[in-house]
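Put together the whole structure using the sequences plus the hints.
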Amino acid sequence: MAEHRYDPKEIEPRWQRVWEQERTWEVDNELGAGETSYVLEMLPYPSGEPHIGHLKVYSVGDAVAHYHRRTGRRVLHPMGYDAFGLNAENHAIKTGQHPRDSTNAAIAAFQQQFREWGISIDWSREFATCDPEYYRWTQWIFLQLFEHGLAYRKDAVVNWCPQDATVLANEQVIDGRCERCGHEVEARQLEQWFFRITAYADRLLDDLDTIEWPEHVKTMQRNWIGRSTGAQVTFRCAELELDYAVFTTRPDTLFGATFFVMAPEHPDLERLTAGTGQESAVREYVNRALTESNETRGAADKPKTGVFLGRHVVNPVNGEAMPMYVADYVLMEYGTGAIMAVPGHDERDYAFAKAYDLPIRRVVEGTDPDGDEGGLPYTGDGPLVNSNPDFDGAHNRKALEEIVAWLAQEGKGSASTNYRLRDWLLSRQRYWGCPIPIVHCPACGTVPVPLDELPVMLPDVEDYAPKGRSPLAAAEDWVATACPRCDGPARRETDTMDTFVDSSWYFLRYTDPHNDQAPWDPAILARWAPVDQYIGGVEHAILHLLYARFFVKALADLGHLDVQEPFAKLFTQGMITKDGAKMSKTRGNVVSPQEIISRYGADTARTYILFIGPPDKDADWSDTGINGVADFLSKLWRLAAAAAEGPGSGAGMPKAPEGPGLDLVRAANVAVENVTSAMTGRFAFNAAIARVMELVNACSKEFNENGNRDPQALRYALGTAASLVFGFAPHVASDAYHLLTGKRVWEEPWPAADPRFLELPTFELVVQVNGKLRDRVPVARDASPEELKAIAHDAPHAKAQIDGREVVKEIVVPGKLVNIVVR
RNA sequence: GCCCGGGUAGCCCAAUUGGUCGAGGCAGUGGCCUUAAAAGCCAUGGUCCUGAAAGGACGUACGGGUUCGAGUCCCGUCCCGGGUACCA
112 MAEHRYDPKE
122 IEPRWQRVWE
132 QERTWEVDNE
142 LGAGETSYVL
152 EMLPYPSGEP
162 HIGHLKVYSV
172 GDAVAHYHRR
182 TGRRVLHPMG
192 YDAFGLNAEN
202 HAIKTGQHPR
212 DSTNAAIAAF
222 QQQFREWGIS
232 IDWSREFATC
242 DPEYYRWTQW
252 IFLQLFEHGL
262 AYRKDAVVNW
272 CPQDATVLAN
282 EQVIDGRCER
292 CGHEVEARQL
302 EQWFFRITAY
312 ADRLLDDLDT
322 IEWPEHVKTM
332 QRNWIGRSTG
342 AQVTFRCAEL
352 ELDYAVFTTR
362 PDTLFGATFF
372 VMAPEHPDLE
382 RLTAGTGQES
392 AVREYVNRAL
402 TESNETRGAA
412 DKPKTGVFLG
422 RHVVNPVNGE
432 AMPMYVADYV
442 LMEYGTGAIM
452 AVPGHDERDY
462 AFAKAYDLPI
472 RRVVEGTDPD
482 GDEGGLPYTG
492 DGPLVNSNPD
502 FDGAHNRKAL
512 EEIVAWLAQE
522 GKGSASTNYR
532 LRDWLLSRQR
542 YWGCPIPIVH
552 CPACGTVPVP
562 LDELPVMLPD
572 VEDYAPKGRS
582 PLAAAEDWVA
592 TACPRCDGPA
602 RRETDTMDTF
612 VDSSWYFLRY
622 TDPHNDQAPW
632 DPAILARWAP
642 VDQYIGGVEH
652 AILHLLYARF
662 FVKALADLGH
672 LDVQEPFAKL
682 FTQGMITKDG
692 AKMSKTRGNV
702 VSPQEIISRY
712 GADTARTYIL
722 FIGPPDKDAD
732 WSDTGINGVA
742 DFLSKLWRLA
752 AAAAEGPGSG
762 AGMPKAPEGP
772 GLDLVRAANV
782 AVENVTSAMT
792 GRFAFNAAIA
802 RVMELVNACS
812 KEFNENGNRD
822 PQALRYALGT
832 AASLVFGFAP
842 HVASDAYHLL
852 TGKRVWEEPW
862 PAADPRFLEL
872 PTFELVVQVN
882 GKLRDRVPVA
892 RDASPEELKA
902 IAHDAPHAKA
912 QIDGREVVKE
922 IVVPGKLVNI
932 VVR
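Counting in our numbering, the first sequence runs from 112 upward without gaps.
FYI, nobody ran anything at the bench for these hints, they're computed from the structure.
Yeah, the Cβ is synthetic: ideal placement off N, Cα and C, and Gly gets one too.
Possibly wrong hints are sitting among the right ones.
[Unchecked claim] Distance condition first, Cα-Cα at most 27 angstroms in a straight line; then the derived BS3-like pairs of lysine-lysine:
1. 413 <-> 465
2. 680 <-> 329
3. 728 <-> 693
4. 927 <-> 883
5. 509 <-> 523
6. 910 <-> 927
7. 329 <-> 910
[To be verified] Label pairs and their calculated CB-CB ranges:
8. 588 <-> 699: 40 to 50 angstroms
9. 855 <-> 331: 38 to 48 angstroms
10. 378 <-> 416: 17 to 27 angstroms
11. 442 <-> 699: 53 to 63 angstroms
12. 385 <-> 470: 40 to 50 angstroms
13. 568 <-> 385: 47 to 57 angstroms
14. 378 <-> 340: 24 to 34 angstroms
Here you go:
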């Protein structure tokens, strides 16, 4: 065997050339019969070079794609690039290089890596979201949404990142900071473009029940949408004859409302305080609150502060006058920017009431009336008290409905649902993005660019630097245009779209990527959509995954497609860490895929990444651990090469295996069985690889120690191992299989286990006494329970335990064990 | 605080429905081959009962429970990771 040396540097490019030249992984859109499968990994954002996380997603996705192909499905497995965005633009600002050039360089690096990794991609469908032929349709979709009122422009308080000099969507603000650069965001009043995602809140929430996604991702989306049901209740400020509505989830506690609080941003504060003597105190408080950072203001454990407005509102259920306050714990963005405060049954209101010595009233009886203040604040359920004779004694949940009905009847309120979800702010004051296809005309207003004039090309500019307005505004030739409606002088919209718009529909375009009449042909799309298996990182749990769902629903409503959800199944892969920490340049713990591949080959790198642990969990990279996988693949290849030169032919199962040959045939079939179940259930690739390692170890032992007593059985076992490992290590598996059989393993169906070889004629009977293992005895598989009992009693160590004691009970599990209970 | 994960050997991790805990790999130790090294191969691998063997006791974060039998189910606690939080 010494002359056989596993050389991935020779093997891998050789097979990559075959796949490339024969376009092995391309699929056409012929609408014939046959099961299809759409396997997709989240599209990469190309900057610099791919990192180890990319290697992981595509290793997982490729294993799935190959498995689907070999179980008889036509698999769509495309690739593209999320190519607009700030990285390229910031790079341009620094170097003066056009973002298109740096993006193209990064894309080239990604393409080359994906080829070196041997990922089975249909390259005929490749595109980048910055291609005009692609963003033409992004603009087309924008206009569809615009025509139907789902894209609109409004003046609003928005999140502004001073560092990136652009506005951000709510989803891009994490803990009050810019998701990209980490700079604290500010509130600014600006006119911006929005998508009306809130119109889909209920469907986005309810349809989560129809898709197979990890529960925690669904939970995150549910929380983000944040639907809560309750009532709008109107409170009147009698002094000024002004009405204020509040949203509450607890109208049952209305009788316990003892004061009223408004957000510092509330537009009516000046008006309310005028003439009360509280003007300056309120103004001062408001100024302080508004200049405070989101982070400090938002802290939950911050002591409650506020200022009396000098006015009162009337509680509609009992006519009581309630003092009005301004306090920063009330948010303008949620509900109506004002609340009724029920200190007896809300922790925040309670804290405020304590701080300002306001009355606290119990209106719901607690199940546990102990504790100070009688257990207030009490947020649980129970019968109402101190309310009014109509409701006292009724259970609060029941009373809630009755109170809402009563309010509605009196015209003082109504049932209401509130959402945390805000409309998606899509405009960005940046250069490297998809232009918004709108023209502003002094005569006609906001006018859409006609469809036949798309794409609105992104112009070249000299200066990309962000200035608080889009760099596009400087391209005067481009901005100045004629109004499509009246032909008068008009100006183009200069904001570009959030890159999340680009990635909200790319998976639709893959189905029909060269269509120049439409973004896709609905009949072709119907053949592939939805994506059967989507794979990516959890970090997109709300951003990308929510936006894509919204797009699909909106486009379905507009008649452009026929599915309600983009991704039927979702798999979120875990992060790869090094030394227990996230890889980063500053930490100096980055593992470069290129280095690993040039040292070990792509097969070893891919297989190790899958072997390191369950793919949905985080895993720590080990520089030594990878050796084990390298040895395994090397052993497989060397054995296959040696076996191929030896006696026998092909990799067929021997006719009537016996003795050592039978053992190998059995081992191979057990491996097939185990690997198949690891592939079909969760993606237990780590366990699957371990099973193939066992098989190869068995082959190695037979070959090296026992002199290859049944060469055909060895060929069969090694061929099976190569076949099973193909989805993880495609090059070495192809080569080993080809050496043995002259055939291409990817053209072979997924191996099926032969049940005849899965069960041995004997098994090891486990003998327990009082549940403790005492003996293991080989027994014929067809032994009767009576025989098993007898054998158990005779087993030496069991016997020693039983002797002299009373047998109380005997449990027999056929094919497994006997447990003798003694006293 | 709340909602999800997770805690098995020095390390990463396996273990259908409750039925032999420790598969597979890393690191370690011993050995074979070799002039030597590399490569390759084999063996070993929780703790305790004075060393080894045999045998036994204990052992899946901790404390209880259910069961003939618990890593797995139930109750309580601790630790680690993630998400989320003045959302009325």
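A quick look at each hint next to the structure:
no.	hint	verdict
1	413 <-> 465	14 angstroms, holds
2	680 <-> 329	12 angstroms, holds
3	728 <-> 693	14 angstroms, holds
4	927 <-> 883	14 angstroms, holds
5	509 <-> 523	19 angstroms, holds
6	910 <-> 927	19 angstroms, holds
7	329 <-> 910	56 angstroms, violated
8	588 <-> 699: 40 to 50 angstroms	47 angstroms, holds
9	855 <-> 331: 38 to 48 angstroms	43 angstroms, holds
10	378 <-> 416: 17 to 27 angstroms	21 angstroms, holds
11	442 <-> 699: 53 to 63 angstroms	42 angstroms, violated
12	385 <-> 470: 40 to 50 angstroms	27 angstroms, violated
13	568 <-> 385: 47 to 57 angstroms	53 angstroms, holds
14	378 <-> 340: 24 to 34 angstroms	27 angstroms, holds
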